[in-house]
Each structure stands twice: as C-alpha cells, then as structure tokens.
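Participant: Residue numbers (this note's numbering), protein chains in the order written: chain F, 1 to 274; chain W, 1 to 135; chain L, 1 to 78; chain U, 1 to 903.
Among the clues, some could well be false.
[To be verified] With beta-carbon atoms standing in for the labels, derived distance ranges:
id	chain 1	residue 1	chain 2	residue 2	range
1	U	862	W	13	42 to 48 Å
2	F	90	U	545	55 to 61 Å
3	W	96	U	834	56 to 62 Å
4	F	90	W	59	33 to 39 Å
5	U	848	W	73	55 to 61 Å
6	W	13	U	848	37 to 43 Å
7	W	89	F	118	53 to 59 Å
8	U	131	F	232	36 to 42 Å
[As the list claims (entries may be wrong)] With a Cα cut of at most 27 Å, we get these calculated DSSO-like pairs of lysine-lysine:
id	chain 1	residue 1	chain 2	residue 2
9	U	777	L	47
10	F	229	L	45
11	F	34	F	6
12	F	34	W	27
13	F	173	W	74
14	F	229	L	4
[Said to hold, decoys possible] Sample of chain L residues with no beta-carbon within 10 Å of chain U, all distances over it, derived:
id	residue
15	3
16	36
17	49
18	50
19	51
20	54
By construction, these hints were calculated from the structure, which means they are not laboratory data. Just so you know, even glycine gets a beta-carbon here, dropped at the ideal spot from N, CA and C.
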Amino acid sequence: MNNKVKAWLEDGTIDVFLGYKEVDHHPLPYCFTKERLDEVDDLLLSPARYSLEKIATHMTDEEPDIKIGMLARDCNSRALNVLYLWNQLNPDNVRTVNVNCCPSRLKEHGDCSYLEPETVGAYKRRVGVDNNLALKDVEAYDETERLDRWMYEFQKCIKCYGCRNICPVCFCKECSLEHDELVRTGPLLPDVPVFHMVRAVHMAGRCIDCGLCEAACPMDIPLRLLYQKVNQIVMDLFDYKTGTSVEQPPFSILGDTVTLEPKPIEPLKVINNE
Amino acid sequence: MECKLVPSVCSYCGTGCGVLFEVINGKIVSTLPMKTHPVNEGKLCIKGWNLHEHVNSFMRLKQPLVKTFGRFIKTDWDEAIQLTADRFREIIEKYGPDSIGVLVSAKITNEENYLAQKFARAAIGTNNVDHCARL
Amino acid sequence: MTVKRITFLQELLGLLGLGGRLGLSWISSAEAQKFVQVVTDFTQKIKSLGPNPLSAFPEKRKAAAAGLLLEQSSVMPA
Amino acid sequence: MDKCIACGTCAEKCPKKVDDFYNARLIKRKAIYVPYSQTVPLKYAIDKDNCIYFKNGKCRACEKFCEAGAINFDDQETEITLNVGSLIMAPGFKSFDPSRYDTYSYTALPNVVTSLEFERILSATGPFMGHLARPSDEKEPEKIAWFQCVGSRDMNRCDNGYCSSVCCMYAVKQTVVAREHSKVLLDCSIFFMDMRTHGKDFDRYYENAKKEGVKFIRSRVHSVEALPGTDDLLVRYVDDNGHLEKETFNMVVLSTGLEIDENVIELSKRLRIDLDQYHFTQSDSFHPVATSVPGIYACGAFTGPKDIPQSVMEASAAACAATERLAPARNTETRAVDTPQERDITRESSRIGVFVCNCGINIGGVVRVPEVAEFARTLPNVVYVEENLFTCSQDTQDKMTEVIREKGLNRVVVAACTPRTHEGLFQETLINAGLNKYLFEMANIRNHDSWVHADDPDAATEKAKDLVRMAVAKTDLLSPLQQTDLSITQSALVVGGGVSGMTAALSLAHQGYPVHLIEKSDSLGGNALTLYRAHKGEEVATFVKELVNELESEDLITIHENSTITGVDGFIGNFKSQVTNGVSKEEIAHGVAIFATGAKEYKPDEYLYGKHRAVVTHSEMDQLFQTNAPRLIEARNVAFIQCVGSRNEEHPYCSKVCCTHTVESALEVKRRNPDADIYVFYRDMRTYGTREDLYRKARAEGVLFVRYSKNGKPVVSADGDEVKIEFRDPILNRTLAVQADILCLATAIVSHRDHAMAQFFKVPMDADGWFLEAHQKLRPVDFANDGVFLCGMAHYPKPIDESIAQAQAAASRALTVLAMDTIRVGGIVCSIDAELCSGCLACINVCPYIAISFNDDKQVAEVNEALCKGCGACAATCPSEAPILMGFNNKELYAQIKGALAA
C-alpha cells in the first residue's frame with residue numbers, strides 16, 4: 001500500500017494523498033505530499049474514522065483540478081459515489097486505495113463494527129429510542145409510543161449542528177437549517193421535529209449510512225435509524241440505493257421520461273400506519 | 001496545496017475538548033472533533049464546531065483601538081498599553097484597587113489566565129477576578 | 001415525481017408517529033364532487049386523529065424537566 | 001352581457017325546466033342557462049323558445065334576482081357584416097341518428113344509448129356527475145356492449161359508405177374509462193368488423209384493453225330486445241364460426257358515426273363549395289384544406305371524418321393556407337395599447353390595499369363581508385380597505401385605479417373569486433394605475449369559501465379572514481417583477497426535404513419569411529419519389545416535381561442539400577445551428593425549427609423477401625407501376641400480405657398507410673390486368689374515412705380478402721418463379737394455398753431513430769422512435785420545447801394528404817413565433833442565487849423545460865428566462881433553496897403558511 005501511494009505521488013498520478021498518521025499519540029487524518037515522500041512510511045489505517053472525502057471537497061474548493069488520492073473504506077467509497085453524482089468531486093481526479101474495514105459484519109450495507117453504538121441506559125431504553133435497535137423494531141412501536149419516543153430524542157437536541165457538520169455528503173453553501181423561516185435562530189430546543197425532519201428529507205438520495213452523525217451527536221440521538229428509514233423509503237419508491245447506485249440521483253425526472261404529458265399515477269403502496 | 005490537520009484543545013470552556021483544525025493553504029477552513037480524544041470522544045458543542053469562525057471573522061480585532069470622541073481610532077500597542085496603564089492608575093488613585101475587576105476569557109491559554117489573575121492581585125491589588133468559563 | 005416525494009414524506013412522518021396527516025390527491029377543476037369527497041374525508045380523518053400532538057410537547061418537556069415525563073408519557077416504566 | 005358575472009342565481013330561480021340537449025336530453029336544464037360549462041364567454045342566455053316571459057308575458061324571475069342587473073329582455077338579434085380576405089369552414093359533424101336501425105331498438109329501450117350520450121354519462125359535468133349509471137333506473141351497469149359501425153360502412157340502411165375513423169378508438173377508450181369509473185369489474189364487449197386503431201399509440205391502447213379483459217367480438221349484431229321483466233337487453237349475434245349466440249347486457253352503446261349536418265350542406269350550396277357524395281369537401285390529396293372555391297378553406301370533420309389530433313392539425317393548416325395570400329396585409333390593422341409609466345416602489349414601504357368583493361350575493365350571502373373588511377384593516381401594512389358589490393365591474397376597476405393613485409397603494413389584494421378567470425383583469429387595472437402587475441394577489445373567498453360553506457356563515461367568515469390574512473402576508477413581501485423583450489430571428493430552419501418539409505418551407509416563404517431547408521440526400525422529394533399515386537388517384541411524381549420547381553424558384557428559401565446538422569445552440573426565437581455539407585460548415589441563425597425528417601420503409605427478413613424475385617415491398621410495387629413492368633400484365637395471381645413488421649412485438653403500432661396502399665395497388669393491378677386473381681391477407685382492414693370506398697370497390701371487383709391472425713401468419717415458400725402461400729381460411733377453417741407471381745408485402749413504416757437530432761433540439765422520442773409532440777391531442781405539431789415544431793412521418797406514419805396538412809399546421813404554428821418582433825420573457829420565472837448554488841445539478845435533472853444549464857466557469861446553475869415556465873420543480877428540489885421562483889419564493893410561501901396557521 002505504502003509503495004503504491006509513493007509511486008502515485010512520484011509519477012504525478014496524484015498530487016496529494018489523504019490517509020492517517022499518528023500525531024501526538026492520536027491517529028489523525030494526514031495529507032501526504034510528494035515533497036515529504038518518506039512520511040508515507042508512517043501511513044496507517046486508523047481505527048478512528050474521519051470523513052477524508054469531506055476534506056477532499058474542501059481542497060477542491062481551493063484548487064479545483066487537484067488530483068487527490070485517499071484511503072477509502074467502504075463508507076468512504078459510498079460517500080465518494082454520492083459526491084461524484086452531485087458534482088462535488090470529479091471522479092477523474094480521485095484515486096482511492098480501498099481498504100477492508102475489518103472487522104466488518106455486513107460491509108456491503110455499511111453495517112460495520114464501528115456502527116455498534118454503546119449500550120444505552122435503562123431510562124433511554126424506557127422512554128427513548130435505543131440506538132442499537134433495528135429499524136423494524138422501531139417501526140413496531142404503536143403510533144403514540146413512536147411519537148413520544150422520537151420526540152424525547154429530538155428534544156434533547158442541543159442544536160450543535162454536529163450531525164450536519166460531520167456529514168460527508170452535506171455540501172450546501174448555505175444550509176436550510178440556518179434559514180430563519182424554517183428553523184428559527186435562537187431557541188433551544190430547535191423547532192421539534194422540524195430541524196430533524198428537514199435534515200432527514202435532505203438526506204434522501206444522499207445518506208450513505210456511515211453513522212458519523214450519530215457518533216458525533218453529543219446527545220446520542222439515534223440519527224442513523226432515522227436516516228436508515230430515509231434510505232429504505234428512497235429504495236422502495238425510487239428503486240435507488242444511495243451510494244451504490246451510480247446512475248442518476250433519485251430526485252430527477254429523468255428516471256421517468258421527460259414529457260409534460262399527464263401520466264397515470266401508479267398506485268403506490270398504502271402507508272403502513274394509515 | 002498544503003493541507004494540515006492540526007490538533008488542539010477547544011478554548012471556549014474548561015471542559016477541554018480535543019479538536020482538529022483543518023488548515024488548507026494556511027487558512028483554517030473547518031473544525032473537527034478529535035475522535036480519539038479522551039474528553040469529548042469525537043463530539044463537540046456548537047461553539048466548538050465553530051471555533052475556526054472567530055479566527056477568520058472579519059470582525060476580529062487585529063490591532064488596538066482607542067475610543068476618542070466616541071469613535072474607535074486605530075493605534076499602536078505602545079500607546080495603547082501606556083494609555084491603559086495611565087487610566088488604571090488614575091482609577092486606583094481615585095477609587096481604590098477594588099474598583100477594578102478582571103474578567104478573563106476561555107479563548108486564552110491557562111498560562112495566560114494565570115498571568116491575568118497574577119496581574120489582578122499583584123499589579124492592581126484586587127481580588128475581583130473571574131473567568132467566562134467558570135463552570 | 002410529486003407522488004413519490006409526498007409518499008416519501010408520508011412514510012417519514014409515519015416513522016415518527018405522525019402518519020396520516022399528509023394527503024395528496026389530483027382533482028381537476030371539473031371534479032367538484034371528488035374535491036368535496038377528498039376534502040371531507042381528509043378533514044374527517046384529521047379530526048379523528050385529534051389535535052396536533054406536537055403542540056403538546058413544550059408542556060411535556062417542562063414536565064420532563066420536573067421528572068414527570070414517565071407519568072405523562074404513554075410509555076410506561078418497565 | 002357585459003354585466004353578467006355568471007353567478008348562476010338566474011338559473012337557480014328560473015321556474016322553467018327544459019330538456020338539456022348538451023347532456024343528450026338525459027337531464028333537464030332551465031330556460032336561462034349556459035349551454036355547457038366550458039362556454040366562452042361564460043355568460044347566461046335566455047332560451048327564448050322556452051322562457052315563460054316570452055311565451056306568456058309574465059315571470060321575469062331572473063331579472064328580479066339578478067344583482068348585477070344583467071338581464072335584458074329587449075336584446076335583439078343583429079346582423080354583422082365583416083370584410084374578410086379568406087374564410088375557414090369548420091362546421092364539425094353531427095352524430096349519426098340511429099333511430100332508423102329498428103333492430104337496435106334505440107328509440108324503444110332507454111338503456112340503448114349512443115356513444116355521445118355515453119360520453120355525457122361518463123363526464124364529471126354530465127347527468128350523473130361522472131358516476132357510471134344507466135338511464136332507465138340510474139343503477140350502475142355491470143355489463144355493457146358496444147356496437148361498432150352504426151351509421152358507418154353501411155350502404156344498406158344509410159348511405160354512409162365511409163368509415164367514420166374515430167369510433168373504434170373512442171369505443172376502446174370508453175371501455176377503459178368506464179372500467180375506471182365502475183365500482184365493480186365492468187364486463188365490456190365490443191362488437192366490431194375491423195378494429196381500426198390506426199392512430200399514434202392507438203394500437204397499444206387497443207392491445208392493453210384486450211389484455212385488461214375487454215372482450216372484442218368480431219361480429220355484426222343481429223338485434224337487441226328487452227329482456228322481459230328487467231331493464232336488461234338481449235343481444236343476438238352470429239359469432240366467428242357462424243353460430244347464433246345470445247347474450248344479456250345491462251346496457252348497449254351504439255358507436256355512431258360522423259355525418260355532415262343538413263344545414264352545413266345548405267350553407268355549402270350557398271357558398272358554392274363542391275361536396276362529395278358523402279357531403280365532405282371535395283379536395284385533392286395535395287391540398288387537403290382547400291375547397292373548390294378559392295379563398296375558402298375547410299378543416300375538421302367537414303373534410304372527412306377524423307379524430308381530435310387530426311382536426312387540430314387541419315385547423316392550423318387551414319389557418320396557414322388562409323393567411324398565405326393575406327401575408328402582405330399582416331399587422332396593418334393592429335392598434336397599440338397606451339400604458340402609463342410604471343411607478344418605482346422599491347424604496348417605498350409596503351402600502352397594501354384590500355378590496356373585498358360581495359360578488360352580488362355569491363359571497364355576501366354567506367360571508368359577512370363587512371366583518372372581513374374590518375378584519376383586513378387590522379392586518380399589518382394594510383392602509384386601505386374597500387368593500388364592493390362587484391369588484392370586477394368596470395366602474396369598480398376605474399375606481400380602483402383612482403384609489404391606488406390617491407392613497408399611494410403599492411400592493412393590492414382582491415378577496416373575491418378565482419385568479420384563473422380574474423387575475424388578468426385586475427393586473428390590467430394595476431398596470432393602468434402605474435403599478436407593476438405582479439404586486440397583486442387574490443384571495444378566493446368565493447369558490448373556496450362561500451360556495452363550499454354556504455350552510456355555515458360563521459365558519460365561512462372565519463375562513464375568509466384566514467384567506468385574506470394569508471394573501472396579505474404574501475403580498476407584503478411581493479416585489480415588482482420585470483419582463484424583458486428579446487428580439488427574434490425571423491427565419492426558419494426546416495429539417496428534411498420530403499413532401500412535408502417542402503410544404504412547410506414553402507408555406508413559410510409564402511408568408512414572407514426566409515427559410516433554410518436542410519436535406520441530407522442529394523435531391524428533394526423523400527419517400528414521395530417512390531410513390532405512384534395518392535389514394536384519390538393523383539400522380540405523386542408530377543406533384544413532387546411541381547413542388548420542387550416552386551421551391552427552387554422561391555427566393556426566400558435556401559436549400560442545403562447533402563447537409564446535416566452538427567450542433568444547435570439557443571432557444572425559441574434565437575437558435576443557431578451548425579450545418580455541414582461535408583465540405584464546408586455554416587452557422588445558421590433561425591427563430592424556429594420544423595422537424596420533417598420523415599421515416600422509412602421497413603425491409604423485412606421474412607416471407608422470402610430479398611430471396612425470391614416474386615416478393616416485393618410496396619415501394620417496389622409502385623416502381624413496377626411507374627415503369628409499367630411487363631410482370632404486372634403477365635401475372636396470373638397477385639397476393640398482398642398486410643402488417644409485415646407492423647403490429648408485432650418489434651413495432652407494436654399500426655403503420656396506417658399500408659391497408660389503403662394495398663387496396664389501391666390491387667385496383668391498379670386489376671385496371672392493367674383484369675384477369676389477374678388478387679388475394680389480400682390481412683388482420684384488420686384499416687381503410688379509414690372515405691378510403692373505405694376503395695376497399696368496397698376492390699371487393700366488388702373480385703379481390704379476395706382473407707383474414708389471418710397474429711399467430712396464424714401465412715407461410716410463403718418458393719415454387720419456381722412463383723411463390724406458394726399457405727394460409728388458414730377462417731371461414732372454412734381449413735388450410736389452403738395459392739400460387740402468386742407477385743407477392744407484395746405491406747411492410748411497416750419505421751423511424752430513422754435520429755437520436756442526435758433529438759438531442760440537438762432537446763425534443764423527446766417515444767419507444768417506437770417517433771418524435772413526441774407536446775400534447776397528442778391539443779398540440780399535435782408542437783414540442784414541449786418552444787420554437788420547435790414537427791410534421792410528417794417523423795411524427796408517425798401517415799399518408800401524403802395528412803403529411804401536407806401537418807406540414808401546413810407546423811408552418812402555421814411556427815408563424816405564431818415568427819410573426820412577433822420580440823418575445824417577452826421573465827415575470828414568473830426562476831432565478832438561481834449563485835451565492836447559494838453548490839452546483840449539485842439536481843435542478844437541471846428535474847427541469848422539464850431544459851431551462852437550466854450549468855455554468856462550468858462559475859460552477860453554478862443558471863436559468864434561461866426564455867425557456868423557464870415557472871413551474872417551480874427546481875425550487876422544490878434544491879436543498880439549499882438557491883432557485884428563487886419569482887412571485888412564489890420561499891419567503892412569500894412561508895409567510896402565507898404562517899398566515900394560515902396564525903388563527
């Protein structure tokens with residue numbers, strides 16, 4: 001791996017390489033360059049995950065044509081696919097060294113071992129949503145219970161915007177969550193559940209289920225479950241698997257033919273809680 | 001292209017969360033929580049997340065200003081320090097040292113904070129010292 | 001497209017326990033009967049679902065602060 | 001009439017009930033009425049023959065109740081003289097009256113209805129409000145039969161020898177729609193002779209209906225009788241195998257044909273227009289909308305039975321033909337409107353005026369209008385409130401203009417009826433008062449409020465307040481929007497030098513506009529060069545030659561032969577196309593483009609085609625006619641096989657022209673070689689319209705027509721110089737064989753599938769490769785992409801007369817653009833805030849008008865105002881809220897929502 005990266009840097013395949021290196025006893029993201037080639041020997045696969053692709057987008061903001069190499073776990077690759085699709089990175093300018101993020105249970109679905117939240121306390125288990133639950137268990141709660149549990153979770157929100165900031169596929173120049181008309185500035189708790197719903201809706205066709213948001217949440221809100229639901233609906237409705245479907249983004253009319261003819265509306269499946 | 005990820009400690013409060021500054025071509029573009037930091041374990045509050053903003057803020061003071069005739073006028077450090085010392089002395093002479101309080105900030109280092117309280121107690125002679133992040 | 005987007009939102013609201021409060025229907029200007037039917041049905045449905053449960057939440061939060069959430073919540077302590 | 005606001009009070013109060021002819025007498029209307037809900041203008045009229053006042057001199061109830069004072073009993077018929085340069089006849093048709101078919105018991109049994117009556121039954125504005133019900137007991141039928149060819153293809157009981165062209169398709173449509181309306185799985189049977197679904201996508205529709213379970217029974221029905229003791233109907237018919245069958249239905253629909261009304265025949269006599277034996281206009285195939293009188297043109301069912309798309313095309317064609325000679329007089333009688341200077345309000349704070357309308361008693365009878373007006377006064381930035389009896393009346397408009405000026409209003413809310421009918425009027429008033437017309441908003445407190453909550457005045461009043469609050473909240477944020485004029489390149493590009501392209505080019509040149517005609521081959525004429533005669537017997541070659549000559553001598557037309565288009569930029573009014581002829585490149589600026597790229601004959605690989613000399617296609621057969629080949633005279637047996645490559649999996653559509661072509665060719669063979677035996681193997685003979693005459697004549701002359709099914713195709717094998725055709729005779733139910741010296745295959749017409757062209761002009765192509773028009777019925781020659789038009793076989797296979805009509809139609813539609821000096825763009829369009837755009841391309845993907853493009857330099861999306869229709873799809877898609885839909889931006893909508901929730 002190290003030799004490959006060195007070779008790429010030397011022959012100009014890439015200008016920089018994003019990987020990890022130990023700094024002050026912490027494994028940190030590190031940008032390797034041709035100028036300091038021997039540092040590549042210190043390249044390591046960090047047990048901690050950072051969104052290297054987000055750093056890459058910041059780099060291309062400065063230098064649009066820079067060629068970037070990076071270590072890519074499965075989640076990084078999925079994020080890259082999404083960023084290519086939404087025109088935020090040019091796939092021609094990105095090279096990856098794919099790493100197997102072992103130990104990984106279901107790598108293909110991104111359900112890797114990093115994504116096993118800590119066991120939650122008894123109180124949260126009683127009144128909130130256990131981060132370790134499977135989506136179907138959460139959906140099994142009855143209507144009022146669902147509402148109570150989710151609102152308990154959302155009300156904890158301290159509006160740190162960490163979920164958005166850490167998100168590898170959040171790239172908007174100005175975030176709707178900062179638009180006063182949608183989410184009022186000032187009040188804490190944020191407009192429940194508008195803040196989280198808006199974010200959930202914007203995750204459609206973007207969320208690659210990396211779990212970084214949940215890991216970054218100081219209040220342990222089970223965001224992954226929420227966005228898993230988003231992904232599931234996107235899959236059901238648009239037949240689109242975010243991060244692995246590399247064709248058109250789901251919210252595009254191109255999937256249907258572009259015409260202005262009124263089309264018969266296909267009956268969609270009945271909403272389960274009606 | 002120069003891209004560095006610089007580890008640091010959040011300066012907002014006394015908790016001491018580990019942060020990473022993403023520095024591209026000499027400019028801090030973003031703050032990240034340090035995943036392996038024992039204090040915050042990859043989490044931050046809204047202030048920590050926006051640490052880089054006050055560095056880059058256009059409102060940031062980069063040189064001392066003196067308020068003359070109701071307006072702030074740019075000045076140099078020597079004059080500013082001299083002016084401040086003169087005014088402190090005037091106040092102490094007139095109202096006594098306890099009329100002065102020192103409020104220090106989380107945005108400076110521990111050592112600077114130590115110096116600040118030393119300054120308050122030894123130089124000014126007051127016990128009225130406090131810190132914005134007194135948790 | 002719209003039908004998919006709205007279904008998306010319906011499903012999402014469903015997860016949070018707010019299902020059934022969003023509807024979508026195509027009614028042409030010639031279909032007065034259908035319009036009346038759809039609006040009447042939907043009004044009925046919303047009425048049967050009761051008032052906006054979210055408006056009750058600020059109170060619930062206050063109650064939670066006072067440690068009363070368990071009693072207020074439909075989720076009873078185990 | 002100016003005073004009537006169509007509130008409907010008069011009809012409500014009118015005591016006299018009259019049969020409603022529009023609803024096929026299935027229900028009653030009043031003696032004061034609107035004939036049907038789509039009437040323009042929407043005004044009530046008194047039916048003098050039935051009005052009690054006109055009969056007895058008493059009543060005048062309508063006058064008493066009309067708040068608008070619009071009733072005028074003294075109105076007189078007036079005669080108007082108009083001086084016109086040409087005349088277009090579009091008198092339409094009359095549905096055939098089936099009373100004379102005594103065996104169908106139409107007059108005796110209420111549940112035997114005509115297709116037009118059934119159409120009203122299915123209609124939401126019809127007698128049963130769109131509920132499927134039969135007339136006798138208004139119960140929902142579970143089993144319905146349709147009888148085809150009632151009053152068509154029938155020389156026995158009526159003299160309508162022609163096929164009415166549209167009944168097969170409308171019957172299939174009625175089965176599908178009826179099944180949608182039905183609560184039970186409706187049992188539908190169609191009794192037919194030949195299924196003639198020859199239009200674009202029609203065959204697919206037919207096949208789908210079959211798949212969905214609609215029964216198609218090839219039979220002519222013997223009789224309909226009442227089933228004693230019920231309202232049901234007993235139908236007797238002979239099935240395919242010759243057995244007499246009986247079946248019971250709840251209802252029978254007679255698919256009645258199209259006829260020309262006696263009055264129209266009368267009128268034609270007065271105008272000296274020659275009509276044919278069926279009273280359709282006499283015209284040759286090359287001048288489909290002309291009549292025998294120069295200057296008088298015809299379109300629609302008057303020129304022959306036809307469906308909506310074809311009628312719409314002909315209407316445009318007639319408009320084109322009728323104005324060609326009048327082109328020099330264009331714009332000589334135009335008057336310009338004077339408008340005052342628009343006031344700049346950008347530095348003014350919001351001053352909103354609210355006008356609350358009583359609409360007579362329409363609103364005021366339910367909503368407490370004074371209370372609403374009082375409430376409006378309390379809303380922020382409202383500085384003026386007024387209550388009107390009729391806000392839309394002319395005197396109120398004048399007053400409104402004055403008030404806007406006097407009180408310095410800079411935004412206006414009218415709480416009245418619907419913007420659909422009245423927005424334009426009020427905007428006009430704003431313009432007259434020197435205000436930007438977009439500083440206006442309507443609150444619909446009539447249709448949405450007083451009409452639906454007539455029984456609850458309290459709630460209605462509260463709702464009216466909510467609606468006003470919402471409108472005011474939005475209005476407060478409105479900003480003036482600008483429209484700009486873009487100049488237009490007043491010339492056209494026509495792609496394709498076939499008959500369609502040449503006709504379109506010539507029509508535009510006659511109208512005075514320069515045309516560039518692009519032809520990829522080295523000669524003009526296209527498919528027509530291979531054709532022998534049109535279906536009315538005219539020689540095609542002579543016509544093409546004349547057309548080419550005329551084209552070449554026309555100064556305004558530049559012909560580019562051997563040329564192809566390599567790229568297109570721009571939009572309506574301002575296209576730039578790169579054209580190359582292999583040697584040099586040229587950039588052509590043009591305002592519109594017409595696609596006439598045609599289609600081609602399918603070359604089959606079945607029935608020994610290309611392997612045996614006896615097997616030819618239609619175009620090859622026409623060559624034999626043109627060269628008068630000795631083979632034709634010597635042939636003893638000539639056979640035709642229909643639907644070769646059509647109506648199959650590969651090409652699931654009907655090629656439309658082949659049945660007629662076969663019958664024509666069969667007759668031509670007979671003419672030259674009367675002794676030859678001729679066999680036609682067909683699936684459904686689709687000699688629609690008056691082409692049916694040719695079919696009848698062919699049968700009379702002894703041409704044998706043998707039906708085969710899709711799964712029982714004839715089998716062709718070589719037998720020396722001849723071919724042997726084995727087939728299953730459906731009547732004898734045995735396999736027979738004939739020898740043929742010439743076997744002509746009626747092969748499909750297939751698309752060139754020119755994807756490059758489609759991409760250049762951003763126009764869609766359907767699964768079969770035909771270019772897809774903007775609307776199949778109502779905009780048959782337009783594309784959704786403005787400024788690009790379509791004609792000829794690029795649209796769908798069609799005979800030469802229909803191609804010419806469509807070409808004239810395309811020219812006519814193109815003319816609507818070319819005749820303008822400028823196009824107005826802007827107003828309610830989108831604009832993308834470059835600051836917010838992160839260049840994710842989502843908006844570009846959802847824009848149905850291809851109005852958004854990506855600026856690679858700035859890495860942001862940009863909207864072309866000329867293409868944007870303001871649909872808002874982009875604004876709904878963008879996560880960053882970068883697209884701002886003018887007049888409906890997020891802030892305005894949020895304000896409106898907050899206004900709604902503020903109660």
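Participant: Decide, hint by hint, whether the structure agrees.
Facilitator: Verification of the supplied hints:
Checked against the hint of 42 to 48 Å, the pair residue 862 of chain U and residue 13 of chain W passes, with Cβ atoms roughly 45 Å apart. With their beta carbons about 57 Å apart, residue 90 of chain F and residue 545 of chain U fall inside the hinted range of 55 to 61 Å. At roughly 60 Å, the beta-carbon separation of residue 96 of chain W and residue 834 of chain U lies within the given 56 to 62 Å, and the hint holds. In this structure the hint that residue 90 of chain F and residue 59 of chain W lie 33 to 39 Å apart at CB holds, the actual value being about 36 Å.
In this structure, residue 848 of chain U and residue 73 of chain W meet the distance hint of 55 to 61 Å, their C-beta atoms being roughly 59 Å apart. At roughly 52 Å, the beta carbons of residue 13 of chain W and residue 848 of chain U sit outside the given window of 37 to 43 Å. For the pair residue 89 of chain W and residue 118 of chain F, the supplied restraint of 53 to 59 Å holds, since their beta-carbon distance comes to about 57 Å. Roughly 39 Å separates the CB atoms of residue 131 of chain U and residue 232 of chain F, a value that falls within the hinted 36 to 42 Å.
The hinted pair formed by residue 777 of chain U and residue 47 of chain L fails the criterion: a straight-line CA distance of about 43 Å is larger than 27 Å. Annotation: proposed proximity of residue 229 of chain F to residue 45 of chain L holds, straight-line Cα distance about 25 Å (limit 27 Å). Distance restraint check for residue 34 of chain F and residue 6 of chain F: the Cα-Cα separation of roughly 8 Å lies within the 27 Å cut-off, and the hinted pair is therefore satisfied. Using a Cα cut-off of 27 Å, the hinted pair residue 34 of chain F and residue 27 of chain W holds, with the two alpha carbons roughly 21 Å apart.
A hinted pair counts as satisfied when its Cα atoms are at most 27 Å apart, and residue 173 of chain F with residue 74 of chain W does not qualify at roughly 34 Å. Restraint check: the Cα-Cα separation between residue 229 of chain F and residue 4 of chain L comes to about 15 Å, which is no more than 27 Å; the hinted pair holds. Residue 3 of chain L, annotated as away from the interface, keeps every beta carbon of chain U farther than 10 Å; the closest lies near 13 Å. Against the 10 Å criterion, residue 36 of chain L falls within the reach of chain U, whose nearest CB is about 7 Å from its own CB.
Distance to chain U confirms residue 49 of chain L as a non-interface residue, since its nearest Cβ pair spans about 17 Å, more than 10 Å. The beta carbon of residue 50 of chain L is kept farther than 10 Å from every beta carbon of chain U, the shortest such distance being approximately 17 Å. Listed as outside the interface, residue 51 of chain L is consistent with that label: its C-beta sits roughly 13 Å from the nearest C-beta of chain U, beyond the 10 Å cut-off. With a minimum CB-CB distance of about 12 Å to chain U, residue 54 of chain L clears the 10 Å threshold, and the non-interface call stands.
Checked against the numbered hints given earlier, this structure breaks hints 6, 9, 13, 16; the rest are met.
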